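Visitor: Residue strings, one per chain:
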Amino acid sequence: MTIRGKAYIAGAYEHPTRKAPDKSVAQLHAESAAGALADAGLTKDDVDGYFCAGDAPGMGPVNMLDYMNLRVRHMDSTDLGGCSYIAAVAHATEAIMAGKCNVALITLAGRPRSEGHSGTAARPGNPNIPDSPWETHFGPSTVNLYAMAAARHMYQYGTTSEQLAWIKVAASHHAQHNPHAMLRDVVTVEDVVNSPMVSDPLHRLDCCVVSDGGGALLVVKPEIAKALKRPLVKVLGGAEAMKGQMGGDVDLTYSGAVWTGPAAFAEAGVMPSDIQYASIYDSFTITVLMQLEDLGFCEKGKGGAFVADGNLISGVGKLPFNTDGGGLCNNHPANRGGITKVIEAVRQLRGEAHPKVQVPNCGLALAHGTGGLLGSRHASATLILERE
Amino acid sequence: MSERKITAPSSNPESEPFYAAAKEGRFLIRTCTGCGKSHWYPRTLCPFCFGATEWTEASGNATIYSFSPMRRAGFTIAYVTLAEGPTMMTNLVDCDMDSLAIGQPVKLAFKPAEDGTPVPCFTPA
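Just so you know, the protein sequences line up as chains A and B, in that order.
Going by my numbering, 12 is the number at position 12 of the first sequence; the sequence numbering is gapless.
Going by my numbering, 85 is the number at position 85 of the second sequence; the sequence numbering is gapless.
Bound-form chain A, shown alone:
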């Protein structure tokens, strides 16, 4: 049994805000949900399944469903960090297959920009988190853990800062067309490598933005999708994995995408070379490079050459990526970029991306994310979608 073709994404909405000091987190979730329902042509009474993750306040489904006053018969709050919402599409499809729900709502929202949570600060110790007594005092932060992954990749494969910079350059080329993007200026490789060093070898422009915002998706059973007036975006395959320190056999040069990629491609019955558009989680430039290699878009260790010279720019290169500007330039709501990855893939498959970045006749797209920290322990999730 597979999830192939068993559900469709009928609604997708990205909250336009990037700074929301005057809104509550629950309000951003609800406004995103309302946006996705309007996009699909469904109403709140149609929702009978709800999926959220660690950004949802309180007990997640309990508090959020009460706030939105939704009555559902299936709930899932699996927290896989920033890739939770990519995995949630597959989980929702599984629930729909099992008859547990027909219309699954997925929401994400947060205000790290207004609340001053950039994710760069040292994390407080918690003795019940098993790794904390061994690590927290050494000052691991989001950026230095990704920096160590970048440093090892450079050492082992000869990847350069200039090659990593091309990923930001490509994102900026796309963001210039997105009126909601936080950073709309096109940047050059020189701009990136000359920006201040934050955690060697990662510069400020190797890092994603910190933004308030939210997003929502509606995953529905095929009969419902076909009765709606929106283009049909079908779930073809999905996979999830977790990669940690493996008892001390640490290898920072690859991600859990080495497992989720092959599994998702097998379920979808397609190859990396078939993908016309890819949403690739871009917390940092190194995140993109490593995931592209691990998903099989290029040979392991050759990601630097693959991303160089505009190969990720829509209309220029072979693999258009993150055509909304991604987390690097557009939006990283709640410090979790998974839902915006799915939303832009849906836009591309519907032909509703900005005309300057729209992939012609986009029929097959991938969304992939990392949740947690590439340099210590993280989850990975891959989703493959098709325009029907």
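Just so you know, these hints were derived from the structure itself, not from any lab.
Predicted model, so just to flag it, every value in this text is computed and none were measured.
Treat each hint with caution, since some may be false.
Said to hold, decoys possible - Below, computed lysine to aspartate or glutamate pairings styled on DMTMM-like, alpha-carbon distance capped at 20 Å: (1) B:Lys37 with A:Asp251; (2) B:Lys37 with B:Glu24; (3) B:Lys37 with A:Asp249.
Given the structure of chain A, go ahead and fit chain B onto it with the hints provided.
Guide: Okay, now just chain B, sitting in the frame of chain A:
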């Protein structure tokens, strides 16, 4: 830039003996009594075979696996690979952060955290 103060490590029943030994200057890791393999971070059940593990004293010799200097924050986070096998997160101390290299030999240097607890840092050998 002066080095960052090391915050006091949090502790639980699995980590307390490590820090007690560290106060006596001993650097302990855990090794499986079944499969014989050492691991990091220390656990009661072997992460490779779920066998029982015991404390063993490690040499303190290691090589740098990866590192990232944070110059403004004034410290260098790293992973080092111990002579006994496992790779562990640490800080590189008492060194010029611009002269470090992956593969470089380093040795254990306990440094006091804010509460005086010695934590296992490493310095060029």
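Visitor: Each of the hints needs a verdict: does it hold here or not?
Guide: Evaluation of the provided hints:
Distance restraint check for Lys37 (chain B) and Asp251 (chain A): the Cα-Cα separation of roughly 18 Å lies within the 20 Å cut-off, and the hinted pair is therefore satisfied. Distance restraint check for Lys37 (chain B) and Glu24 (chain B): the Cα-Cα separation of roughly 25 Å exceeds the 20 Å cut-off, and the hinted pair is therefore not satisfied. Under the criterion of a C-alpha separation no larger than 20 Å, the hint pairing Lys37 (chain B) with Asp249 (chain A) is consistent with the structure, at around 11 Å.
Going through the hint list in order, the structure does not satisfy hint 2, though it satisfies all others.
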